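Chemist: Need the complex rebuilt from these two chains, each delivered in its own frame; the hints are there to steer you.
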Amino acid sequence: NAGVTQTPKFRVLKTGQSMTLLCAQDMNHEYMYWYRQDPGMGLRLIHYSVGEGTTAKGEVPDGYNVSRLKKQNFLLGLESAAPSQTSVYFCASSGEESGYTFGSGTRLTVV
Amino acid sequence: RKEVEQDPGPFNVPEGATVAFNCTYSNSASQSFFWYRQDCRKEPKLLMSVYSSGNEDGRFTAQLNRASQYISLLIRDSKLSDSATYLCAARGSSYKLIFGSGTRLLVRP
Chain A
1135 NAGVTQTPKF
1145 RVLKTGQSMT
1155 LLCAQDMNHE
1165 YMYWYRQDPG
1175 MGLRLIHYSV
1185 GEGTTAKGEV
1195 PDGYNVSRLK
1205 KQNFLLGLES
1215 AAPSQTSVYF
1225 CASSGEESGY
1235 TFGSGTRLTV
1245 V
Chain B
36 RKEVEQDPGP
46 FNVPEGATVA
56 FNCTYSNSAS
66 QSFFWYRQDC
76 RKEPKLLMSV
86 YSSGNEDGRF
96 TAQLNRASQY
106 ISLLIRDSKL
116 SDSATYLCAA
126 RGSSYKLIFG
136 SGTRLLVRP
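These protein sequence lines map, in sequence, to chains A and B. Each residue of the first sequence is one higher than the one before, counting from 1135 in this note's numbering. Each residue of the second sequence is one higher than the one before, counting from 36 in this note's numbering.
Pulled out of the complex, with its shape left as it was, chain B reads as follows (with noise of 0.2 Å):
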């Protein structure tokens, strides 16, 4: 089983959807939370952190389950700039973030 799981889609959603995303985590020592958007061919870049108490970005929202090891991301109004892959990532000991593989969304007009 992967330490960080993450439905790998695609999402197609029309434009001014909202879509929400989930990621799975196995290491209950996890103590930091990550979303990150990956755009084609290109490196991926944060998003926005988790805190236990939800984090609310604009049309963007994440939120973190501790009890059922899980963080979502909420994106209202989808854009289609919003059309990427989206890395969820969990940090454990020694700094380092596991990532999940991924999820695609498409936003189509």
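Isolated chain A (complex conformation) (with noise of 0.2 Å):
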């Protein structure tokens, strides 16, 4: 049972480049979720989706754009990276009383 998946574990971006971080469920969640981690922020959450076709701006949404076209996927993208975006980032599936359930992460540098 794999659980959430997120592709890639690390990249480095230059500044300007855009890419897609992909977050796979197979437990059928209908809420999913995508999070930045940084030293000392703790985890802050930048969008989320609530069922399929759906998704609401979190609490740092700018700079970034995600698609749920899919029940069991959730695509995070940056257009244009800016070093302000090196980060950690998580996603995270729940059903509806559930904790969260994480993968395991993607580490992105922009340089």
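No lab work stands behind these hints: they were computed from the structure. Do not rely on the hints blindly, as some may be mistaken.
Taking lysine-lysine pairs in the DSS-like style, the calculated list, with each CA pair at most 30 Å apart, reads [unchecked claim]:
1) K1204/A with K37/B
2) K80/B with K37/B
3) K1205/A with K77/B
4) K1204/A with K131/B
5) K114/B with K1205/A
6) K1143/A with K131/B
7) K1191/A with K114/B
8) K1205/A with K131/B
9) K80/B with K1143/A
10) K131/B with K37/B
11) K1191/A with K80/B
12) K77/B with K1148/A
13) K77/B with K131/B
14) K114/B with K1148/A
15) K1191/A with K1148/A
16) K1204/A with K77/B
17) K1191/A with K1143/A
18) K1204/A with K80/B
19) K80/B with K1205/A
Nothing here was measured: the structure is a model prediction, and the numbers come from that model.
Modeler: Set out below in structure tokens:
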């Protein structure tokens, strides 16, 4: 049982480049989330989805876009990467009453 | 003011000690609460849910105080393997979890 799978695990981007982070879950969860984690800042919610075809902004959405075309997948896009987006990105999914299950994270460095 | 706040620590305790963490939340509409454990450079993993009646799992006990808007985590008989960062989280509307910044625990031999 894979749970939540994130790809890639590591990436180095140049300023201005674009990329997409993929999150896939096999638990049939309705809700999916993208967080970033920076030292001393904790986990901050970027975007989230309450079901297939729906997305909503979280606490720090600027510079990111998301799509949830299929229930099991939640994509996070960076259109024009900036050094301030250097971070560890975690995807998570949940059912209505359960806690989150997290993916193993993507370590992104923007130079 | 952050919606969920924790003392960052670190809490440095000897093996066998009992240690307690508190976490305060500001949104009185928060409905569910959780404690997560996060090891260095790893993803957070659910430690336990926090129920109104309290919740115990082995050496770990979690409690909720709605009147004072805080949750607590008690770890008894600390082990070296308990060294980690402990995140509390509160769920409000739209099933979003808001996390605290974490409390770091170091258990020494």
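Chemist: Against this structure, judge whether each hint is valid.
Modeler: Going down the list of hints, with the structure as the test:
1. K1204/A with K37/B: Given pair K1204/A, K37/B is violated - Cα atoms ~33 Å apart, limit 30 Å.
2. K80/B with K37/B: Holds, at roughly 22 Å.
3. K1205/A with K77/B: 25 Å, holds
4. K1204/A with K131/B: 20 Å, holds
5. K114/B with K1205/A: Distance of about 40 Å is beyond 30 Å: violated.
6. K1143/A with K131/B: Holds: K1143/A and K131/B sit about 24 Å apart, inside 30 Å.
7. K1191/A with K114/B: Violated, because 40 Å separates the two Cα atoms, which is more than 30 Å.
8. K1205/A with K131/B: 17 Å, holds
9. K80/B with K1143/A: 18 Å, holds
10. K131/B with K37/B: 15 Å, holds
11. K1191/A with K80/B: Roughly 24 Å between the alpha carbons, so the hint for K1191/A and K80/B holds.
12. K77/B with K1148/A: Holds, at about 25 Å.
13. K77/B with K131/B: 21 Å, holds
14. K114/B with K1148/A: 43 Å, violated
15. K1191/A with K1148/A: 25 Å, holds
16. K1204/A with K77/B: It holds: about 27 Å lies between the C-alpha atoms, which stays within 30 Å.
17. K1191/A with K1143/A: 24 Å, holds
18. K1204/A with K80/B: Roughly 25 Å separates the two Cα atoms, so the pair holds.
19. K80/B with K1205/A: Holds - the C-alpha atoms of K1205/A and K80/B are around 22 Å apart, at most 30 Å.
Violated hints, listed in ascending order, are 1, 5, 7 and 14; each of the other numbered hints is respected by the structure.
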